[in-house]
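A.B. asks: Chains as they are written, first to last, in full-length UniProt numbering: chain A, 1 to 131; chain B, 1 to 213.
I should point out that these hints are in silico values taken from the structure, not numbers from a laboratory. For every residue, glycine included, the Cβ atom is placed at its ideal position computed from N, Cα and C. Watch out, some of these pointers could steer you wrong.
Below, computed lysine-lysine pairings styled on DSSO-like, alpha-carbon distance capped at 27 Å [as the list claims (entries may be wrong)]:
| no. | chain 1 | residue 1 | chain 2 | residue 2 |
| --- | --- | --- | --- | --- |
| 1 | B | K122 | B | K145 |
| 2 | B | K180 | A | K122 |
| 3 | B | K54 | B | K101 |
| 4 | B | K160 | B | K99 |
| 5 | A | K89 | B | K122 |
| 6 | B | K145 | A | K122 |
| 7 | A | K89 | B | K145 |
| 8 | A | K122 | B | K179 |
| 9 | B | K160 | B | K146 |
| 10 | A | K122 | B | K125 |
| 11 | A | K129 | A | K89 |
For each label pair, taking beta carbons as the anchor points, the in silico distance ranges come out as [as the list claims (entries may be wrong)]:
| no. | chain 1 | residue 1 | chain 2 | residue 2 | range |
| --- | --- | --- | --- | --- | --- |
| 12 | B | D151 | A | K58 | 54 to 60 Å |
| 13 | A | M24 | B | S61 | 51 to 57 Å |
| 14 | B | G192 | A | D84 | 43 to 49 Å |
| 15 | A | K58 | B | L186 | 41 to 47 Å |
These are the residues of each chain, in order.
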Amino acid sequence: MTGVIIVSHSEKLAEGLRDIVMEMNDGSVDVIAAGGADGGRIGTNTLKIKAAIESLTKCDHILIFVDLGSAVLCSETAIEMLDDAIQEKVHIVDAPLVEGVIGGVVQATICNDLEQIIATAKEGATLRKVC
Amino acid sequence: MSDYILNKDYFIAVIEDLIEMAEEKKEYFIQLDSAIGDGDHGMNLSIGFREVSKNLEEWKSEDINTIFKNAGTALLDKVGGAAGPLYGGFFMKFGLPVKGKDEVTFDEFIEMMESGVAIIEKRGKAVVGDATMVDTLRPAVDAMKKAYHDDGCSPKEAMKIAMEVGAQGSDSTVPLIAKKGRAMRLGERAIGHRDPGSASSAAMLEIFYKHMP
Numbered sequence: 001m002t003g004v005i006i007v008s009h010s011e012k013l014a015e016g017l018r019d020i021v022m023e024m025n026d027g028s029v030d031v032i033a034a035g036g037a038d039g040g041r042i043g044t045n046t047l048k049i050k051a052a053i054e055s056l057t058k059c060d061h062i063l064i065f066v067d068l069g070s071a072v073l074c075s076e077t078a079i080e081m082l083d084d085a086i087q088e089k090v091h092i093v094d095a096p097l098v099e100g101v102i103g104g105v106v107q108a109t110i111c112n113d114l115e116q117i118i119a120t121a122k123e124g125a126t127l128r129k130v131c
Numbered sequence: 001m002s003d004y005i006l007n008k009d010y011f012i013a014v015i016e017d018l019i020e021m022a023e024e025k026k027e028y029f030i031q032l033d034s035a036i037g038d039g040d041h042g043m044n045l046s047i048g049f050r051e052v053s054k055n056l057e058e059w060k061s062e063d064i065n066t067i068f069k070n071a072g073t074a075l076l077d078k079v080g081g082a083a084g085p086l087y088g089g090f091f092m093k094f095g096l097p098v099k100g101k102d103e104v105t106f107d108e109f110i111e112m113m114e115s116g117v118a119i120i121e122k123r124g125k126a127v128v129g130d131a132t133m134v135d136t137l138r139p140a141v142d143a144m145k146k147a148y149h150d151d152g153c154s155p156k157e158a159m160k161i162a163m164e165v166g167a168q169g170s171d172s173t174v175p176l177i178a179k180k181g182r183a184m185r186l187g188e189r190a191i192g193h194r195d196p197g198s199a200s201s202a203a204m205l206e207i208f209y210k211h212m213p
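Can you build the whole structure from these sequences, using the hints too?
C.D. replies: Spelled out as structure tokens, the structure:
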């Protein structure tokens, strides 16, 4: 089973993206929105991300999708704070946030292969929307 | 020099002054960060240190490491930007070399600084010249070590040199093209602006100096 964590500077953006992707999720992927700084301010919160990871430890792998800047730094810090056994499961995916989360979650409903899921998420970077 | 001791009162005075500094310089940091970043550095530090202030009284009976670990965790939780994991990490690692102690030697103090700065370098993946807080902190700690170990300076003299070298390090970010954070995306437009993190780090070093016996 795959766990997905959405880390955006905006709590609403993370939750909104979760709403979208849950429409395409058959329930086999756990998706957690961990956006915003403490108190709903714009920013990112290491401890919120850490708690999200901890709630997904039953998953085989945990993928973190980030918007930019401190979302990466806070995610890395959260991972560092956890035990090695958990750390090994967690991957920050270098993909666009919206397209990456949607591609990754849909792929994760089809298979449980980490590399395939990450590869599909990353394809979001080159996805053409207007042909 | 081995009888030179920094006790818990010193470290508490430093934290109390950091709390004041975060308020006093809030507008200044906001101004610096608005020019090249997202403008949240001043507000973030203020919110973070207010949380420290709220709880400091309660932590005072703990050992030096625990006090800084608690302060670091508060910053990690409350500071929304990159400064959260960076300063949070600094304080969480700062006391680690002196776990359980209520006073430290200057050699131990140098270890504490090294431990704190190392985590900022690691997390930020930054080196001197990237226009970040590392431009202030790395040369400052290196200069402090050299002054104390090689040049026969007293602890307070060594910390003074660290403060001065740190301030110069912050000055050195003004003409640089930033390599990290939002400022990185500005390219040459970041030239002529002081990095806000380098400025808050320089202010922190000043406080570490000011209270030294």
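A.B. asks: Decide, hint by hint, whether the structure agrees.
C.D. replies: Hint-by-hint comparison with the structure:
With a CA separation close to 20 Å, the supplied pair B/K122 and B/K145 stays within the 27 Å bound. Of the supplied pair hints, the one linking B/K180 and A/K122 holds, its CA atoms being roughly 23 Å apart against a limit of 27 Å. Only pairs whose Cα atoms come within 27 Å are accepted, and B/K54 paired with B/K101 is accepted, the gap being roughly 23 Å. Between B/K160 and B/K99 the CA atoms are separated by roughly 26 Å; this keeps the pair inside 27 Å, and the hint holds.
For the given pair, A/K89 sits about 21 Å from B/K122 by alpha-carbon distance, which is consistent with the 27 Å threshold. About 45 Å separates the Cα atoms of B/K145 and A/K122, which puts this hinted pair outside 27 Å; it is violated. At roughly 40 Å between alpha-carbon atoms, A/K89 and B/K145 are farther apart than 27 Å, so this suggested pair is violated. At most 27 Å may separate the alpha-carbon atoms for a hinted pair to count; A/K122 and B/K179 meet this at roughly 24 Å.
Taking the CA atoms of B/K160 and B/K146, the gap is about 12 Å. The hint holds against a cut of 27 Å. Between A/K122 and B/K125 the alpha-carbon distance is near 23 Å, which keeps this suggested pair within the 27 Å criterion. Simply put, A/K129 and A/K89 have alpha-carbon atoms about 32 Å apart, too far for the 27 Å limit, and the pair is violated. For the pair B/D151 and A/K58, the beta carbons lie near 57 Å from each other, so the given range of 54 to 60 Å is met.
Distance hint check for A/M24 and B/S61: the Cβ-Cβ separation is about 53 Å, which falls inside the suggested range of 51 to 57 Å. Against the hinted window of 43 to 49 Å, the Cβ-Cβ separation of B/G192 and A/D84 comes to about 45 Å, which satisfies the hint. Distance hint for A/K58 and B/L186: a CB-CB separation of about 43 Å, consistent with the stated range 41 to 47 Å.
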